[in-house]
Structures are given as structure tokens and as C-alpha cells.
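Colleague: The lines below spell out each chain.
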Amino acid sequence: MKKTIGIQIGPDSFVDEGVEEVLDILQQKGAINTLYLSTFSYDRGITGRQIPGQPFPDHGAQESDENYFHGGNYAQPNARFYEKTVLKGEKLRAPDFGNLDIVAAVLPAAKKRGMKVYCSVQDGFNYPDDVDLVKNLAEVNLQGKQEGAMCFFHPEVRAFWTALVTDLCSSYAIDGILLFNERNGPLLNAIGVSHAQHIESAKVTCFCKYHEQEAKAKGIHFQKAKEGYLKLNEFVQNSLNGRRPSDGYYVEFSRLLFAYPEIMAYNQLFDQGKHQVLKDIYTQVKSINKDLEVGFHIEHTNSFNPLYRASRDYSELATMADFLKVVVYNNCGGERYAGFIRNVSATVFKDVPPEELLQINNCLLNYTNEASLDQLPKAGLSPDYVFRETQRALAGVSGKSRILPGIDVNIPARVKDMATPDDTYNATLAALKAGADGVILSRKYSEMWFSNLEAAGKAARDFESI
Amino acid sequence: MKQYKKSKETNLSTNNSRRAFIKSSAKFTAVAATGSMMGISPFNIWKPYKQADDRMHGIQIGAVSFVDEGVDKVLDIVQERGAINTLFLTTFTHGRGLAGRQIPGEPFPDHGPQESDEKTFHGGNYAIPHPEYYKNTVLKETRAPELGDFDILAAVIPEARKRGMKVFASVEDQWRPDVPGIKECLEEDVLGRQADTLCLFNPNVKAFWTALVTDISKSYDIDGVLFFNERNGPLLNALGASHFQSIDSSRATCFCKYHQKEAEKLGIDFKRAKEGYLKLDQFIKTSLKGERPSDGYYVEFNRLLLNYPEIIAWDKLFDLGKHQILEEVYTAVKAVNTNLQVGFHIEHVNSFNPFYRATRDYEDLATKADFLKVVAYNNCGGERYANFIRNIGSTIFKDVPMEELLRFNNHLLNYENEAPLDQLDTAGLSPDYVYRETQRAIAGVKGKCKILPGIDIGIPTKKTSRKGSPEDAYAATQAAYKGGADGVILSRKYSEMNLAAIDAAGKAIREAIKG
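So the protein sequences, as listed, match chains A and B. Under the working numbering, the first residue of the first sequence is numbered 1, with each subsequent residue one higher. Under the working numbering, the first residue of the second sequence is numbered 1, with each subsequent residue one higher.
In case anyone wonders, no lab produced these hints; they're calculated from the structure. There could be a bad hint or two in this list.
[Stated by the list, open to error] Below 30 Å or equal to it, Euclidean Cα-Cα: the simulated BS3-like pairs (lysine-lysine) are: (1) Lys279(B) with Lys400(A); (2) Lys400(A) with Lys289(B); (3) Lys2(A) with Lys378(A); (4) Lys316(B) with Lys218(A); (5) Lys224(A) with Lys289(B); (6) Lys216(A) with Lys279(B); (7) Lys289(B) with Lys231(A).
[Unchecked claim] Per label pair, the in silico range of CB-to-CB distance: (8) Leu288(B) with Gln375(A): 31 to 39 Å; (9) Thr283(A) with Ala195(B): 57 to 65 Å; (10) Val86(A) with Asp364(B): 44 to 52 Å; (11) Glu355(A) with Thr367(B): 37 to 45 Å.
Glycine included, each C-beta is placed from N, C-alpha and C at the ideal position.
Next comes chain B alone, as it looks inside the complex (with noise of 0.2 Å):
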């Protein structure tokens, strides 16, 4: 088991705030700058990265950026800037986190083509399916077209392989609403509407992803899958309990038939928990509208919890359906052979929630993955976590003046030193966020799987938010590795990353593999 020490105890708030992060990483962007002046590229600055110890050391890559910048023109340089080891190639999705060039409307990174593709990204398996794989559900066609030919793993992988790199497949659960055959598995919300995301309890969609999953493992030579799922159950989203802008209680799902027959396998009352989620909808709206029930919001919500059981009970359904394709997932990649490697994104709402992490027990899902990728994004993090807390402080928190509750959720998630509301979003969350997030994950998985923090690189915030910079990006991913972390990986996506910042998370880490 590996060796770690608690926050509380090895409290680096001191020496490991932003502040010292900076500090310590000042040398750096000195001999960087001095560099650049003197016509040297930082690139140039470090010696090849030898492979030196078993940690991957990772970054997210979407199709487009090969195709607009050639293979070997991208291996090159995040082995050689980003001291990268691994690949996670963005094999299936059709969200934009992922895939595609930068967001439509951000500022384009200092390589690639500077031009959106706002007009032909389409998302999808970005590698060849094969329709064998495919017969037990209804999402058969699914290839993403808008590259053509390419096919991600294929072009990669062999040129991955000559460079020692390893290479998973990422796949996402995110799609767009005219794939065909979706129509039959979407969820229902609570209102009986249609939903845009896929139910986990749907046949359909549960032999999509073990078949997806297999046809990648028996097709080509990976490493294994990274599989993301981003999703959350019905109580967190009515309440907004994540880092999302808006709420839309009425919107929670699922309440299809699917779910109707598992939980009455479980011996959950479908009826009682859709009137306890009506229920909740209305505490909610009146909420927002800012009618204080006599008892105060945060009694009136538990009363409601307390009447209906049902409500936790559904959402746990939620978490078991997602957890189960987790599980599914594992097994079909693991039958295909047992030496691939299975990993699980956990995302960010994992870090700001409590009543998330309550739901999140590291140890259990460490019996389902080979390793877990942890969100710890920082940067982007303030505006995140300061969402988060003016959503419940406008349901179930509305009592409490904003700040205070910042503070008290501060407390109960042991984060330090990190800034008030009103500069959440342009100071961002610090390092050592990142490096009490990995002890965390650390410390619960029991050395039952590997941590692999996920690094904010340039993910894109709003207008007035703290942007990401080098020393950001290289205090980050150094936190990580002095948090005892298995490796990390670079994210969301290379195609969204600045050099200089990649050139600072490889300086991180290659000083993480120096010792």
C-alpha cells in the first residue's frame, strides 16, 4: 500500500498555496523567459524525457488535433514539452469537452488551425466500429463523420507504440439527439418528457457500452479504456448540486419504465418517489422565488427527505445504474483480456459536494477500475465551486449568507486558504486543492487502484475568470505528484492546451520522476 499522510496533519496550506506554487515555479518561468529572449524555445530547454518509473503520465487528445497537426507532429510534442507517456485518445463522444477543436468562442491556443469547426463537429466513435459488436442494441450507427476516414486508434497507436507511449481509449457518455435509435433510450423526467441523456437502465444503452468497450478492446492494440460518465442523479441535479449555472428541478430523471422495473426489484415505491421528486420540484421553485417556508429552507428540505425516503432512494438508483455500467464496462474489457486497464473519470462535483462524496465511496469504486481519474482542475475550479455554492444557496442554503457557506462547505471538504466568493472565480482554486484532493482519493482507494488526478490545462472559463498560465499548470500537476499521485493526466483536451502550459506541466513532471 502506498505510503500517505493526512492533510490535517501534513498541512502544506503554508507552503503549498498559490502563493508558493508561484514562488517555487518562479525559477522556472525565469530560465523560461530567459529562453525565449535568448531565441531558445523552452522546448528546447529540457533534456528527452526517458522513462524512468511505472506512473503514466498522461494527456487527453481528441481526433481533430491529429488530423489539423499530423500524428507525429503531436507525439512529438507532448513527449517531448509535456514529458507525456500516455495517451487517453478521445475515441467516442459527442460532447465538445473532449472532442473537437477548442469551444466555439474561445480563444485559440498557440497551435493548430486558429478557425472553429463549430460548422462541421459532429462527434461519435472517432475509430472504426465494427457492427458484429453491436447487436443487442439499437445504437448501431454511431461512426463520427466528420473526419472522414480517420480513425483515431488506428493512426496513433502504432506511431504511440514506436515512441514507448502507452494509449487508452477514452469514451464518453454524450451524445447528440439524432443518433439513430436514440430515441428509444432516452430518459423520461419527472414530468413524463423525454430527456436528451440516455437511461442506464435501458437494455439498449447497457449493451451499447459493453459492446462499444469490447469492439475497442478486440480491435485494437490499447492499453484500455477510460471511461467517462459525468452525469448525476436526480436529487443533486434538482437541487443544483453541481457546478452547472442553472436549475431546472422539474428536469430530473429518470422515471422510465426501466427504472420503474428496477426499483420495483428493489423494493422501491416508483409512485412515492415521484411524488416525493414533484415535491421537491415545488421546494425548489418557491425556493428560488424566495419563499421562506416558517420553518426555514433547510428544515423543509430534510422534512421533505424525511417523508419521503424515496427521494435518496431514487437517486442512489441513479447512482447504482451508473455504477453498474461502470461494472459492465470493467467486465467486458477485462473478458477481452485481463491485462488491459480500466479507469474511471470522476468529475468535478466530487470535489465541491459533500452529499456527492457521500455518495462516492473511493473504496468501492476502486473494486471496479484499475485506476480512477480524480478531477482536481484548479483553475477553472473557483468559478466552479463558487457556482456550486450560490446554487445550494439558493435552495436548501438559502438561509445562510453566501460567504459563510462557502466557508462551512470549506470546512466539511477540509480545503484551506482558498478565496473568498466574490474572487472565487479569478483566483481559481489552489494547488493545494489539488494536492489535499489527491491524498484524498489516495487515502480511500486503499491502494486498491491507481489515482490519476486530472490537470487543468487551459480549460476554458468565463470572460472575467482567472485564465490559466504556465505556472498554474506546472504548480498543479507538481501538487499532484507531491500528493502522492500515480501519475496524472493532462486535461480536458491537448486542442484547448497553450504550449507553454503543457511545457510546464512536463517540467513538473519530469522533476516528479527526478525525485
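Just chain A, same shape as in the assembly (with noise of 0.2 Å):
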């Protein structure tokens, strides 16, 4: 099977640059065969223009979208579609780009190419303020206040994403779906474990009444795992304000854990509603066209952090997907890696040194010769970070589903310095000689420096001729 070479493209970029030329720029630079269009989206990782601040990479319009991104649906949304549901479809199309449907204008094009086009489907963190309809469906953070994200045990949540995807794959000649969720679990979220620079223990979510109902069909004592989560927050509180626990931080964390088994379980709960509406969509996909394949998102954290990666099991997410687009961004990487660390240490592990709980943490993750701590953000990932993460991921889905890692194309960091074109080529190269099904370059074309795409589009050429 030929590899995939995939891109990451949001509408914005069709719009400045128009599709043929953006279409024979990806071709020829980047030897890119198939199409990850942003369709459904609210977040600029994937979406818009470069982030606002950062530099604008050497094509497409030099200026800020702030003025008028919004996010939505950049196809147009059938409303028969939407007809059971509360959250009406038609009502989400994205405002940004007046008419325009970005499948129907991409599609015809890509496919005299020979290129192949998913639809991106992103359920976010949160969403603008003037989308009312789904403020009713927002989680319940652990203080009672209902914001941000929805909920996955909320039963209008499902069938909109459901609804969705049935409107994307009936409406359009598609070759797939690739869904992006990156939400965490209330337990993760509370202790800081992913790279978001952020510890907010009280406000983890979700403790509606449709997770009180889910817990209490699977014998969870909702009481019990709320009490247990404000324990937490107590605890997390308290470590980072240095109150040390006279057996230690790390113990102390693990008698909660002990003591509140429900607070384990309750995380575990908001994966399975992760994971419903994974599964939800793909067997709609498939009812639809089995040939269609779906395709998940695999975030960042789970290359960084121990307890992600034990509660996703890569075998088991092959029985709900085609693909997974695993997340080995190693330039912006390093700083995120360094993030996460920093959130550990001042939380569970806040009596090791920060830097020997990297030099662990790296053994755990079977990471080696990667930066110290101070170099990480400024190193980044390096590109046997890529070959393992694949090769990890290869060897969990044991031939069940294809691998295409998400490749780290210029995404912005703080402290490293944009990725060069050799970041690019070696991380490309590496993904593919791991074993890689293909690659997917990431995070958006708005913010791709060409001579990473031809970087990347040599990697790829390269890897074809050996």
C-alpha cells in the first residue's frame, strides 16, 4: 500500500492562496497525496491563519485573522441531517468565509489529483461566546458551574456527532474522517499531567446529572468520587503552596488514591464517554460507506506522560479506527515536555528534582539521549523521539490499524526557535523508517515554512527511493 503523505489545511489557506495553487504547492513541494481539510472546528491549531503574534510564514496573506476567525462548520451543513437534534447543524456553520463550502471547492480539485481528502472534525476545549446552543450541553466543573467543553455522556452530544459525520460522509465524496478530541480526564487535568501551562484542580470536569447517571450504571459512587476530587484539589493546592505532607507528596497523593478509588474510576469514566463518541462515529461512518475510513487524533500528552499512555491502549483504539494520527511533534516538543515535568514536580513528584524526574520519566518512556531539563524547551524532541513513538505505536496496533504519525511542521513554541527545514526532513525520514503507514504533516499549512514542505516532501521522496 503506498504511503500516506498528509497534510493539515484549514480553509483560510484555499481562500488567501486559492485551491489549484495551494493544491500544486503541496504536490510538488511537499509530495503530499492526501488532504486533511479543517471542516468542523473552533480551534486555531487547526484552523485560520498563523496564531496571532507569531510569524507569518513566507506565503499567504501577511496578516492577522483576528478580525474575523471564528471557527465552525467550513462545509455547508444539511439540516436534515440535524432534524433529531438539539444542536442544529445548519446553525454551526462557520461565519468566517461568508458562502464558501471548503469540501465542495477542494474536493473536485484534489480528487483530479489523485489525492485523497478527510474531513477534520475537532470537538474542542470551548467555544465562542455567540454559539448558544452549546452552552446547554457544556460539562459541570467540580464547583457546579456548567462551561467550556461538552459533555460526552450528554445524549445530544453524541447525536450531533453523529449527525455530523453521517452530513460530511452523505454529502460528500470523501474518502474518511479524522476526528481530534483532546480532552483529558478530571484526574489528569487535576495534577497538571499534560503540557497545558495550567494546574486548575478545582474546576475538573464533568459532574452533570447524565455522568451522575453513567457512574451510577457502572457502580460508581458519584458522592464518593466528587468528594474524592475535592480532596484532590486540596491536595494539589496545598502542594503548590509547598505545604509538604509529612509522608511525602507523592504518597500522600497515592493514600487519596487508595482511599478514593472512585477518583481513578471517575477518570475512567470520562474516557469511555471519550471513547463512546469514537466509536459512535465510527460505526456511523461506516454504515454509511464502509469503505470510508475514520481516523483519531492521538494528542501530545500520551507520548509524555506514564498514566495517559496506560489508559490508552493502542490495541484497543485500532478496533475503533483505520487510522490513528499519533502526535510526535519533537520540536515544539521539548517545551511541552518540559511543561508537563514542571507540572508533575510541583504536584505529585515535588520532592525529586525536576530534572532527575525527567531522566525517569525517560527511561519509563523509553526515551533516550534526549535534552536536559533547562535545554529541553530549546532542544526540542529529537528525531528518535519520532522513530520510537512510532514504532511504540506500530507495535500496539499489531497490523490493526495504520499508523501515520503527526509530523511537527513549524507549529509555534515559546522558547525553540521555528523548526528547520533538516527538524523537518529528520523527523519525517524517521517516522517513515520506524515503519510509519505515512505521515501526517501538522498542525495547519498556514503556519508551514515552504522549505519545510519541500524538507519534508524530500524526506518522503527519500524514504520511497531507498
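Take the two lone chains and join them into the complex the hints point to.
Modeller: What follows is the structure, encoded as C-alpha cells:
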């Protein structure tokens, strides 16, 4: 099977640079044969021009889209698919480009060139204020406040995702769907075990009535879970304030997990909800056309965090996906990984010097020869990291689904200079050499430089010629 | 509430390190040595001990020592040389840790017979059991036969009283397979085989412990009971997360009908728990063989715990059974006389293992004990801690080089300046370890019970490992008092202690009394 050389691209780029022009560039410079079109998203990670404040790449409009960026569905939602849902898809049309239907605009041109087209659909962390419909479906945090992302167990949320992919798969001759959902469960959020830069243990989710119902159905004591998370919040806040428990931070944290097994169980409940949506989508897409493919984006935390790794079993994910886009962003990975280490060093592992914790974590994750903590943001992670994570994913799925590592092509970083073309070349080649079924250049064309795109294309071509 | 300072703040690592302790005890050594050279025994250097405080300065002694050396003579030695005011008399055990002469194969100390008791040692109840207390248990015949009619409590209590010493009866959950009735009480492992340990939910076992402590408390004029149970739950055993040198995950217990019944009451799925432990057994075996899971050993282990929350629940069930017995022992003793005191021995693994620490909440233990004997054996602690690191470094942390794992664990445990892994056996743990563990326990119980650290006096170690010196005994004892302890318990048994080490501990005790 030919390797997938894919790229994530938002509607802005086609609007700014022209459909044919962009496809020419992608094919010629990047050796791209598959498009992952950002179709439904409110997130700047995969849509919009360059992130405000970051330098523009050497193509496209050199002006920020801050004054018009909104997000939503960049295709044309068909109301009949949302007749039975409260969340009316037709009302979630992205207003950014008037009547533009990105899928309708790109699909025929791409097909003419023999390129595959997947619609990228993203479940965001939050939604713009004017998207009122979402507010009633939002999660309820530990303090009882309803806000932010949508609850996985809300029946209307499940119905919406199913309706959306049904709409896309029925209305367009696409090759499949790539679903993005980077949200973590309450335990991991409470202890800040991602690369996010803040820890908000008081606002973890979700404690809504649907979660309560689902917890009850699974024999999880809802009140005990809530009580456990309140205690966890106390632990985290005390830790952040440097109030060391007499038995040490880690022991106190473990004791909390022993005393409240509901903490872990409730975190798993979140994952079950998330995976249930993935499964719903997979089943629905296949029921429309079994040849359509469904892929899931596996977020960056999966690389850094052993606890997260434990909660994501590749072999299980492979039963509900044709391919997994495994994030192996090595360039921005340095500062993100350092962020993760600093977060866990501020709570659960506060007794361990961060540098030593990094070394231990490297061992647990099978990373070798990565930079020291103070150098990590500047150095990034190595191509070897890309290689190892690709191999790990391949071993995990045991051939049951394809692995397409997500390659970091100029993802903005706070400290690190932008990835050089060599960085991109090495990362792309590392993924392919490790046995990947292809790659997905990430996060979006509108933040990539041509020289990096060319470097990725060269790696793909060089690999083919090996 | 007692005043204590957190180790982090009052870091004594610089002045409480082994080197510092040795330096501070050098004076003592010099005096002792000079005394010896001049024909004066160290015993004569100090004035007789005067009871000046209410702290318990204790020692563990088995029956054989009194038989071998004479009650008066032993009491003279421990009182005058060791400054001991409290005896922890080994009253019930089948284990050699507390009872019997020196462990076979180990060098004899400089007192008592220089001959092994391996041919005669049996164990059991070294006092006289009274049948009326044992009506509700099949464990009726437990009298230790090897010392004839000798009744340790009857023989020692009157003499101890004359000297103003307190007497506690030590009772240990250690058995031998030929005790009448024991087959009805044994645990069942994950493969359905009978183990050689007793099930803590078995009604016969529960009834036995209550009967035993009631019998002892009613029949003798003791001050209380010190209860020993060093057994761990199935998860920690399966992982080899103790200092024992072997890992046999298929021997994890207990899956008997009584456990099953108890699990049902608590809503724990027995079949899922068993399935989880079988998967854990598989994980351990493949880890020991070096078959690395693609996500790494630690991740695979955690995934198992996530997929089978029953694994942790079952381990907690074991602890629940253990603590239930502690509670029953406490209640039974207090029912006889509220003034009697009950203490629990908190095993060594509590020092090394952060998971274990997490399952032992000092404040909770303090609600069912008047005092806790916290094991802080620093000399043998070196090789034991090294074993623990090697054990977990062979399974869940196999991806981490052992030396790094040790350093990581030291941080979690708040140990500073301990030896590297390859030198731990020969270096032992420092007096600073004793100090920190004492302070941790004191902080943990929040004034709700007393803390008596167990001090390592000549506990046997491997041939190549550190052998405790008098300086070690002095420094460890001193560290416990500096840590704010309510007393100490010299451990494990008089019959393995050299007199010089008892002298040294006694000197530290006297200094503590003097203030």
C-alpha cells in the first residue's frame, strides 16, 4: 500500500492562496497525496491563519485573521441530518468566509489530482460566546459551574457528533474522517499532567447529571467521586503552595487514590465517554459506506505521560479506527515535555528534583539521549523520539490499524526557534523509517514554511527511493 | 501535642549523618575502650539507671534467654547496661525473628550458650494458655514445648516488677504447619493452593487472636500487648515490593471462601479480582524474563491497575482484614483493663516502599493503638532497602536503571545522603534515616499515640553486608530520641545482641533521659 503523505490544512489557506495554487504547492513541494481538511473546528490549532503574534510563513496573507476568525463548520451543513438533534448543525456554519463550502471547493480539484480528502472534525475545549446552543450541553465542573467543552455523556452531544459525520460522509465524496479530541479526564487535569501551562484542580469536569447517571450505571459512587476530587484539589493546592505532607507528596497522592478509588474510576469514566463518541463515529461512518475510513488524532500528552499512556491502549483504539494519527511533534515537543515535567514536579512529584524526574520519566517512556530539562525547550525532542513513538504505536496496534505519525512542521513554540528544514526532514524520515504507514504534516499549512514543506517532501521521496 | 520539626526544615543530614554520629560517639567509644584496657568493664562506667521520665526504653527478649542465662541475670544486664525500663517479652510466635537463640548459621553474641537451638526450637505460646479462652477457635493447642514448663510471663513479671520495669507481652502472627487445627485456617493463593499463612478473615483465626490477648491480659499482670503482623497484601507481594529476596506472584493471597464472602459484602467482584491477579502474575513473570511490553513495564502495570481496579481493592481488602484484627486485639485488651496498653509493630517495608506507606496512615493506626513500634532498623536496612529496589527494578520499574530508581525513591521517601545501591549492603542506612522516620511517624500520629522506634541491635545480615557496631547502636538510638521518640525498642531479640551494643544503646538512652 502506498504511504499516506498527508497534510492538515484549513479553509483560510485555500481562500488566501487559491485552491489550485495550494494543491500545486502541496503536491510539488511536499509530495502530499492526502488532505486533511479542517472542516469542523473552533480551534486555531488546525484552522485560521498563523496564530496571532507568531511570524507569518513565507506564503499566504501576511495579516492576522483576528478580526474575523470564528470557527464552526466550513462545509455546508445540511439541516436534514440534524432534525433529531437539539444542537442544530446548520446553525454552526462558520461565518468566516461567507458562503464558502471548503469541502465542495477542494474535493473536485483534489480528486482530479488523485489526492485523497479527509474531513477533520474537532471537539474543542471551548466555544465562542455566540454559540449559544452549546452552552446547555457543556460540562459541569467540580464547583457546579456549567462551562467549556461539551459533555460526552449528554445524549444530545453524542447525537450531534453522529449527525455531523453522517452529514459530511453523505453529502461529499470524501475518503473519511479524522476526529480530533484532545481532552483529558479529571484526574490528569487536576494534577496538570499534560503540557498545558496551568493546573486548575478546582475546575475539573464533568459532574453533570448525565455523568452521575452513567456513574451509577457502572457502580461508581458519584458523591464519593466528588468528595475524592475535592480532596485531590486540596492536595494539589497545598502542593502548589509548598505545604509538604509528612509522608511526602507522592505518598499522600497515592493514599488519596487508595482511599478514593472513585477518583481513578471517575477518570476512566471520562475516557469511556470519549471513546464511546469515537466508537459512535466509527460505526456511523462505516454504516454509510464501509470503504470510508475513520482516524483518530492521539494527542501529544500520550507521548510524555506514563499515566496517560496507561489509559490509552493502542490495541483497543485500533478496534475503532482505520488509522491513528499519533502526535510526535518533536520540535515543540521539547517545551511541552518540559512543561509536563514542571507540572508534575509541582504536585505529585514535588519531592523529586525536576531534572531527576525527567531522567526517570525518559526511562519509563523509553526515550534516550534527549536534552536536559533546562535545555529541552530550546533543543526540542529528537528525531529518535519520532522513531520510537512510531514504533511503539505500530507494536501497539499489531497491524489492526494504520499508524500515521503527526509531524511537527513549524508549530509555534514559546522558546524554541522554529523548526529548521533539517528538523522537518529528519522527523519525517524517522517516522517512515520506523515503519509508519505514512505521515500527516501538522498542524496546518498556514503556519508552515515552504522550505520545511519541501524538506518533508524530500524525506518522503527519499524514503520511497530507498 | 508533641512538638516536632519537619525534616525538610531541620535538615540534620549534615550533623546527623553516620559520619557525624560516629564522630559524636567517638568519645564514648574511646572511654569504653580505655575502660576495657584498664580492666573496667563498660558496664561499670555508668551509674545505675534512675527512672526520670515516662518514656519507654524497651527491649525485645525471648523466653530462651531467660532459660539460658537466668531471669535475674538478664534483667540485671538489660537494666544496668541497656538502661531498659520496659520488657517486650516474646510470648507468642513460631518465628525466629523474636524467639529462639541466634538464627542458625549466624555468629553467637557474647553472652548465652554458644550452641544453636535448631534441633529444639519450636515456637508457640511461651506462657500458659488457658483452654477456656479458646472455645471459639480450632487453634487450641499452641503451647511452645521446647522449654518444658517454663512460663515466660510468670517467671519474669515478678522480677521485673521488683525492679520497676514494665512488661509487655509480644504476640506475633507467625506459624508452623504442624499446629493442630491450622489446616482449617490457611490462606488460599491465586491458583487455589493452600498457603502456609493464616487467613485474616477466617473466623477461627480472628477468634484465636482475641482469645490469646484476652487470656494473656487476664492471666498475667502485664502492662499491655505488642502485636506483630508483618504480612503484606497480594499486590505488594506479587510485585515483590518488600525487602524479601524472591518474587513469586502466583503465591499472592488470599482467595479463600472467607475473603470471597467479605469481598461480596464490600461489592468487590471476586472473579474479576482473581482474573486481575492472574494477569498481574503473567505480567510479573514476563517482566522477570525481560519481555518488555511495547509501552514499557511501568505503563503496562498501570494499565493493568486501570483495567482491573479490583487488584487494588483486593489488596485493600487484605489490609482491612489485618487492621480489623488489630482493632479486635485493641478492643479485647481494653475490655480486660482499660489501663493496659496496646502497641503495633509497623514493619520495615513501611520505610522503603512509597506504595506501602500510602496504605498505612499513621493517624488512622493511632486510633487503635496506644503506641506504635515503628521499625527503623538502619543497619540491616541497607541490604533490605537494596533488595526492595532490586525487586521493583526487576518488574514495574525495569526500564529504569536501578541506581536512578534508588535516588528517585530516596526523594519520595525524604531520605538524604544514603549510600548508592552497590554500597547500601555494606553501608547500611544512616542514623539520619532513623531520625527522619521517627519524625515522620510523630508527625503522622498527630499526638494521638506514642512512637517507639525499633532500633537495630545486631540484626543478622548477609556475610558481605554491614554488621552493626556499638557505635551504630548508639547513633541510631540517639537519632530516635533526637527525632522526638517517646522511647525506643531495642530489636529484634536480646539473644542476637552483643553486650557492647546494648551498652551503647544504654548510653544513648541515658543521655536522652538526662536531656
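Colleague: It remains to establish, for every hint, whether it holds in the given structure.
Modeller: Now the hints, each set against the structure:
Only pairs whose Cα atoms come within 30 Å are accepted, and Lys279(B) paired with Lys400(A) is accepted, the gap being roughly 23 Å. Proximity of Lys400(A) to Lys289(B) is assessed by CA-CA distance (about 27 Å); at most 30 Å being required, the pair is judged to hold. Taken as a hint, the Lys2(A) and Lys378(A) pair is broken in the structure, with Cα atoms around 35 Å apart against an allowance of 30 Å. In summary, the hint linking Lys316(B) to Lys218(A) is supported, as the alpha carbons are separated by about 21 Å, within the 30 Å threshold.
For the given pair, Lys224(A) sits about 40 Å from Lys289(B) by alpha-carbon distance, which is inconsistent with the 30 Å threshold. Distance restraint check for Lys216(A) and Lys279(B): the Cα-Cα separation of roughly 27 Å lies within the 30 Å cut-off, and the hinted pair is therefore satisfied. For the given pair, Lys289(B) sits about 40 Å from Lys231(A) by alpha-carbon distance, which is inconsistent with the 30 Å threshold. Distance hint for Leu288(B) and Gln375(A): a CB-CB separation of about 36 Å, consistent with the stated range 31 to 39 Å.
Taking 57 to 65 Å as the suggested C-beta distance range, the pair Thr283(A) and Ala195(B) does not conform, at roughly 47 Å. At roughly 48 Å, the beta-carbon separation of Val86(A) and Asp364(B) lies within the given 44 to 52 Å, and the hint holds. A C-beta distance of roughly 40 Å is found between Glu355(A) and Thr367(B), which places it inside the suggested range of 37 to 45 Å.
The structure fails to meet hints 3, 5, 7 and 9 from the earlier list, while all remaining hints are met.
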